[in-house]
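If you're matching positions, the sequence shown starts at 1 in my numbering and goes up one per residue.
No false leads were slipped in.
DSSO-like, lysine-lysine: derived pairs with alpha carbons at most 27 Å apart:
id	residue 1	residue 2
1	325	387
2	376	149
3	383	128
Source of the hints: derived by calculation from the structure; they are not laboratory data. Treat the numbers as computed from the prediction; the structure is a model and nothing was measured.
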Amino acid sequence: MRCMRGQTLLRILFVTVVETEEPRPDASDLALSSIHHHHHSSTLPRRRHHRQISNMTAMPVPAHSPPDLSKSLPKLTPRKRGPVQREPPTAPPPPTPPLPSPPDLQNHSYIRPSRRILSPSDHALFLKSPTCTLVTSFIFNISDSVRDKPRSSVAKENLPSIITKILHILEQAEQILLQCPPEDTGSRFGNPVFRTFLDQIGTALPSWHTSGLGLTSAAQIEELSTYLHHAFGNRSRIDYGSGHELNFFLWLLCLNRLSLVPTSAFPALALVVLPAYLTLMRKIQASYYLEPAGSHGVWGLDDYQFLPFLFGASQLLHHPYITPKAVHNTLTLEEESPQFLYLDQVAFVNSVKNVDGLRWHSPMLDDISAAKSWAKIEAGMRKMFVKEILEKLPVMQHFLFGSLIPAQPEMSHEEDFGLADEENEEEGGEVQVFDDEEGKRHVHASVGWGDCCGIRVPAAIGAEAEERKMGAGKRLRRVPFD
Numbered sequence: 001m002r003c004m005r006g007q008t009l010l011r012i013l014f015v016t017v018v019e020t021e022e023p024r025p026d027a028s029d030l031a032l033s034s035i036h037h038h039h040h041s042s043t044l045p046r047r048r049h050h051r052q053i054s055n056m057t058a059m060p061v062p063a064h065s066p067p068d069l070s071k072s073l074p075k076l077t078p079r080k081r082g083p084v085q086r087e088p089p090t091a092p093p094p095p096t097p098p099l100p101s102p103p104d105l106q107n108h109s110y111i112r113p114s115r116r117i118l119s120p121s122d123h124a125l126f127l128k129s130p131t132c133t134l135v136t137s138f139i140f141n142i143s144d145s146v147r148d149k150p151r152s153s154v155a156k157e158n159l160p161s162i163i164t165k166i167l168h169i170l171e172q173a174e175q176i177l178l179q180c181p182p183e184d185t186g187s188r189f190g191n192p193v194f195r196t197f198l199d200q201i202g203t204a205l206p207s208w209h210t211s212g213l214g215l216t217s218a219a220q221i222e223e224l225s226t227y228l229h230h231a232f233g234n235r236s237r238i239d240y241g242s243g244h245e246l247n248f249f250l251w252l253l254c255l256n257r258l259s260l261v262p263t264s265a266f267p268a269l270a271l272v273v274l275p276a277y278l279t280l281m282r283k284i285q286a287s288y289y290l291e292p293a294g295s296h297g298v299w300g301l302d303d304y305q306f307l308p309f310l311f312g313a314s315q316l317l318h319h320p321y322i323t324p325k326a327v328h329n330t331l332t333l334e335e336e337s338p339q340f341l342y343l344d345q346v347a348f349v350n351s352v353k354n355v356d357g358l359r360w361h362s363p364m365l366d367d368i369s370a371a372k373s374w375a376k377i378e379a380g381m382r383k384m385f386v387k388e389i390l391e392k393l394p395v396m397q398h399f400l401f402g403s404l405i406p407a408q409p410e411m412s413h414e415e416d417f418g419l420a421d422e423e424n425e426e427e428g429g430e431v432q433v434f435d436d437e438e439g440k441r442h443v444h445a446s447v448g449w450g451d452c453c454g455i456r457v458p459a460a461i462g463a464e465a466e467e468r469k470m471g472a473g474k475r476l477r478r479v480p481f482d
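Whole structure, please, built from the sequences with the hints as guidance.
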């Protein structure tokens, strides 16, 4: 009974406590009350601040106003960009003039070719003459005839008869080379046996033109023989350069003027005759260490040749995969050089230099390889032929004029200056050839560099051959400083 009463009392007390206890606020109620309290407490200072601002605006404005600086400050204007600096448009390459028809030879008088560019005025007359146009037209027409054509495009079994005769003459010249072995002088400069070689060439020239080409007139043979004789180098200086290479093509031009080489044979001149001539000249250069004529050293295009680069660039004009940078690829040079003159000449230059890489031994060829297309290179070679050969007095003072390649009547004669002919000039360059800027005759000084007509340097092909003789051909190549 007591237990029942105790449990009832506890239940009454528990219910009483639960009903009288106030509920506790939850977290959300606490947050709202805190925000309300904060808002209420912050409104009082703001109201006081508002009353202070109202009192300040009611104060009187002073009599003096601050200076107006809006006109003294520079206006903010956008910076104007200057005109875009664009590269000036390059001059177009010289065009190919039409080739004049061969002259009437019924009453023609032949003369022995001689130098006629003996002063700057003579050179100026030449540049405006029909002969300059004739030479330019002949070279550029040959170049145009081999555009996009490999050497294999000219079938050797279908060569014109005149091409076969020219090749036979070059073969006979090689036989004379074999009969005149060089002396072992140990010098990297020209071998004196080269003079013997040229003398024997001169002896054989008349028979080559009579039996080989069918010429009968003695005066005619003498005129053509002079050009071919000067196509192998200079007898006194024992050197060779682009001027002698040009003499070979002047000989071919004379054959064209005689109607012996038609325009249809022009591709064969570039792709068959020129490679045969280059092969012969490389053997002559390697045998007699011919010095580069008028050398520009490492900054020249090539020690000896120019036309392989002009004709070779024309061959590669629109080639589908050989790019200008291919000259740095040894495998491409090995596979494609037999078909393309440009690559063949680069491969030969690499083989005779004692330093690896075009960058070191031929920086000009290295720079040209950065061109975007072969069209740009071909255009540059055309400009170079005009600027660096036809328009260069040190080169053109050796140019020979005859009756088929005539000079202007106003041009000087060698007798006017008391000069010997090209074959018998003094060794070391021209003496009293043209007037300089002061009106004095051009005389090579006895001291100094004497580089007005090129610096006399030993041939790279001679240096390479001498090293091979001494057993140093496989030694480590020295790399020059950059």
